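Number of protein chains: 2
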Amino acid sequence: MRVSEIDTPAVLIDVEILERNVRRAAEHCRKHHVALRPHIKTHKMPPLAHVQIEAGAVGISVAKLGEAEVMADAGIQDLLVAYPIVGAAKLRRLASLAERARVTVALDSFEVAEGVDRAARDAGREIGVLVEVDSGTARCGVAPEELPALCRRIAGLRHARWHGVMTYQGYITGDPETRERLMREENGRVNGLLDRLERDGLRPKVVSGASTPNLDLCQLLERVNENRSGTYVFNDRNTVNSGSVRWEDCALRVAVTVVSTAVPGQIIIDGGSKTFTSDRAAGSADASFGRIVEDPTLQLVKMNEEHGFVQAEGAARPKLGDRLHLIPNHVCVVVNMHDQVYLHRGDEVIDCWPVAARGKVR
Amino acid sequence: MRVSEIDTPAVLIDVEILERNVRRAAEHCRKHHVALRPHIKTHKMPPLAHVQIEAGAVGISVAKLGEAEVMADAGIQDLLVAYPIVGAAKLRRLASLAERARVTVALDSFEVAEGVDRAARDAGREIGVLVEVDSGTARCGVAPEELPALCRRIAGLRHARWHGVMTYQGYITGDPETRERLMREENGRVNGLLDRLERDGLRPKVVSGASTPNLDLCQLLERVNENRSGTYVFNDRNTVNSGSVRWEDCALRVAVTVVSTAVPGQIIIDGGSKTFTSDRAAGSADASFGRIVEDPTLQLVKMNEEHGFVQAEGAARPKLGDRLHLIPNHVCVVVNMHDQVYLHRGDEVIDCWPVAARGKVR
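From first to last, the protein sequence lines are chains A and B.
Take the first sequence: its position 154, counted from the start at 1, is 154 in my numbering, and no numbers get skipped.
Take the second sequence: its position 299, counted from the start at 1, is 299 in my numbering, and no numbers get skipped.
In short, the hints are calculated from the structure, not lab data.
Hints are supplied without guarantee of correctness; some may be wrong.
What the hints assert, rightly or not - Covered stretches of chain B, as calculated for chain A (at least 3 residues, CB under 8 Å): (1) 75-81; (2) 194-202; (3) 206-214; (4) 219-226; (5) 276-282; (6) 302-308.
The structure displayed is predicted, hence computed values, not measured ones.
C-beta atoms are modelled at their ideal positions from N, C-alpha and C, and glycine is treated no differently.
Hey, can you work out the whole structure from these sequences and the hints?
As structure tokens, then:
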């Protein structure tokens, strides 16, 4: 089957670019003695998690237990659930998961840690704990000054096992000089945190960091020994805009078809927010919901669920039935909208993978 | 099972409100001799389509062939695909669909109509055609002055059958007086269109209109004899803001749990853009991604995929593990993110339905 024979909208993965992205990240982390534990929220597909592990990843990161369960079902043995597990139903599932895989969870409160401790007791297995520290994104994570006390309390639990600290550098983007400066500053902050822990006799086995826009400089965080980057497998408009990769590093495109040219000055494509999501591009001057590969001057300026509005006039205006390809703004959320993706080498479709962990919100 | 025992995030449907919404719309349309053909993009669930048909709907509207196929598989016999069918793969599926259900499609070009004509020929069945006219949303639809010529050409096709015209009144929102004035203006425009068609000897059997924010005034469009409203089954923040329904008419809520309170001045809930989508509220002064039922002064101001950021301070600040319920901004896109919904009467969960036509982008 040829790529052009796939009906639209469809998610296409260029396997050559994908393999190069996976290899490059693995080699970089290996060279700098950083354990790569990719976040699979980007792809949600067990076969791709296996590709990452075969290339050298030590395990994977997931956001939700439902994703962890899909990956464990597919034989992935080492899982970090980088999200606080709250509530009786989820703790039962965590215990069950721990019986069949090596599991670590990230959290930011002693209350959540106590639940994990009970789950570990029920499972009769160790469950690792990373304490999330707020690295400046003000999302989850304890304040740096509260980190030692919380780590100490968790280290005293009987069944859960304190493994270390989780940081996140998602805000570090920009040109190489800017990123290098920010990473060196972040290195100072992380070293300060770890020094304080060590003064308290707390020696973390794992210091976890991320993300894709600064993966190429992860070695600048001298004591961060694990990296959870995810987006690097596919890349997207955001990662290109963040300054660390090029358009040629984008492995995923969405194929769409022009279905209406009735209104002057625009065309309607058969992908809207149900195909692309409404996520805007970070750090971009324009409001387009993706880069149109055939003509990057065209803008996907507006969407309804099934209608994409592309401004287009004159000779540049695609015709009814024309096929276009878009590099999405934020690739992780796009993959989550689709039941399957098509893998191709050049023009030949070589496989179709279900997005097995799609929609696992719990 | 109690509602409070369902793990979060979860989509909850209050069956009493749902039934009242379905009944009210059906009675209103029956009273005014308007055929109700609800758009199932809102719910994507065959059992609910059957509830609508049992209440009096003449059939359903869908956006994509994939949705139509799911509904035909479930025994729905009369389908309007309110979207241009473009490309060989889709025309084959359209022919196949026409062999097992009564199918009408909406389109806005003769080129698309020719494809539908071939599909009808291949199926050996009539396929109805509505010509979409641009009612002012500038999405799909021919300009009013081009409508007669296109209808005439399509009426001359051998296998496709011209049934009439599709309009859309989604832009008509506001207080009752405003809506009434806008609907009367729209009535004049539609009458003008139809008069022009009739002068050309074209008598449409179907004149289709919508949407939920003006469903209660659909009788003001004197010659619109079919209504495609969809959102009325559940309603949402947008329909309440549009002025036509109240919070008590909102049948769908999303249950979430507080998973982090580590950062001062906010809480993190376990639903983000993968639960709610990033759709902003239309016509709302605030930027919240939903109305928090327990305390509508709280705002869901920001989301990552799995993290919802709710501003909350002082006594109003929910605690770790607390459960909150949100009425989403745009209910159709929220349902599309979830694999199943839970139906409840009062506090008792009475059923769980798969969202069978979820994610059907093709």
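Here's how the hints hold up against the structure:
Counting residues of the segment 75-81 of chain B whose CB lies closer than 8 Å to any CB of chain A gives 0, which falls below the minimum of 3, so the coverage claim is violated. A stretch counts as covered by a chain when three or more of its residues have a beta carbon under 8 Å from one of that chain; for the segment 194-202 of chain B and chain A the count is 0, and the coverage is violated. Given as covered by chain A, the segment 206-214 of chain B fails the check, having 0 residues with a CB less than 8 Å from a CB of that chain where 3 are the minimum. For the segment 219-226 of chain B, the assignment as covered by chain A is violated, since 0 residues bring a beta-carbon within under 8 Å of that chain's beta-carbons and 3 are needed.
With a cut-off of 8 Å between beta carbons, the segment 276-282 of chain B has 4 residues touching chain A; three or more are needed, and the interface restraint holds. Counting residues of the segment 302-308 of chain B whose beta-carbon sits less than 8 Å from any beta-carbon of chain A gives 4, enough to reach three: the coverage restraint holds.
When each numbered hint is compared with the structure, violations occur for hints 1, 2, 3 and 4.
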